[in-house]
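Chemist: Build the full structure now, drawing on both the sequences and the hints.
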Amino acid sequence: HRMTNSVSQDTANIALRSSDTIPSAQGRLEVKGSEGPNQVVDLTVKHMAQPARVKSGATAYVVWLQPDGANQPINMGVLAVDKDLNGELQFKTPFPKFDVFVTAEQNPAVQAPSEHKRLLTAAVDLPAHAIK
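Residue numbers (the working numbering): 984 to 1115.
Treat the hints as calculated values from the structure; they're not laboratory data. Ideal Cβ positions, reconstructed from N, Cα and C, are used throughout, including at glycine. It is possible that part of the hints are untrue.
Taking lysine-lysine pairs in the DSS-like style, the calculated list, with each CA pair at most 27 angstroms apart, reads [to be verified]:
no.	residue 1	residue 2
1	Lys1029	Lys1015
2	Lys1080	Lys1029
3	Lys1066	Lys1100
4	Lys1029	Lys1075
5	Lys1080	Lys1100
6	Lys1100	Lys1038
7	Lys1066	Lys1038
8	Lys1029	Lys1100
9	Lys1066	Lys1029
10	Lys1080	Lys1015
11	Lys1015	Lys1038
12	Lys1075	Lys1015
Pairwise CB distance ranges (calculated) [unchecked claim]:
no.	residue 1	residue 2	range
13	Gln1089	His1112	15 to 23 angstroms
14	Ser1039	Pro1110	35 to 43 angstroms
15	Phe1074	Lys1029	12 to 20 angstroms
16	His1112	Gly1040	22 to 30 angstroms
17	Pro1077	Ala1032	30 to 38 angstroms
18	Glu1071	Glu1098	34 to 42 angstroms
19	Gly1040	Leu1068	17 to 25 angstroms
20	Gln1089	Ser1002	12 to 20 angstroms
21	Asp993	Ser1097	14 to 22 angstroms
22	Ala1113	Phe1074	17 to 25 angstroms
Modeler: Following this line, the structure appears as structure tokens:
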């Protein structure tokens, strides 16, 4: 009998830092070990204003993953925010050390962030954050 909100033992739980552009936003990354070489990363946010309120013309929040040592971040998909200002995106990565950040974009399919304004950021180092 486990409480539903308890964190399982095989999860690294990392808080995202919010920026002054969107100070009320709260985000978490849960990184779970999985079968094979990939980690499963579950990004959840609360109190996230709609994209157009954060940046004029923005239609979506894009989640970026930048592996340690890489020059360019990778577009991992859209962080959709519902009417209660909650959002979630799950993705997989083989990298043990990476940065995750969120930007507001006019086109969610962009291959590079259109600006350097990072709304939410987290640095993940799985040796240090060890998935138990």
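Chemist: Against each hint, give a clear statement of whether it holds in the structure.
Modeler: Tested hints:
no.	hint	in the structure
1	Lys1029 / Lys1015	20 angstroms, holds
2	Lys1080 / Lys1029	25 angstroms, holds
3	Lys1066 / Lys1100	24 angstroms, holds
4	Lys1029 / Lys1075	21 angstroms, holds
5	Lys1080 / Lys1100	22 angstroms, holds
6	Lys1100 / Lys1038	10 angstroms, holds
7	Lys1066 / Lys1038	18 angstroms, holds
8	Lys1029 / Lys1100	19 angstroms, holds
9	Lys1066 / Lys1029	11 angstroms, holds
10	Lys1080 / Lys1015	14 angstroms, holds
11	Lys1015 / Lys1038	32 angstroms, violated
12	Lys1075 / Lys1015	9 angstroms, holds
13	Gln1089 / His1112: 15 to 23 angstroms	33 angstroms, violated
14	Ser1039 / Pro1110: 35 to 43 angstroms	41 angstroms, holds
15	Phe1074 / Lys1029: 12 to 20 angstroms	19 angstroms, holds
16	His1112 / Gly1040: 22 to 30 angstroms	36 angstroms, violated
17	Pro1077 / Ala1032: 30 to 38 angstroms	33 angstroms, holds
18	Glu1071 / Glu1098: 34 to 42 angstroms	24 angstroms, violated
19	Gly1040 / Leu1068: 17 to 25 angstroms	20 angstroms, holds
20	Gln1089 / Ser1002: 12 to 20 angstroms	19 angstroms, holds
21	Asp993 / Ser1097: 14 to 22 angstroms	36 angstroms, violated
22	Ala1113 / Phe1074: 17 to 25 angstroms	20 angstroms, holds
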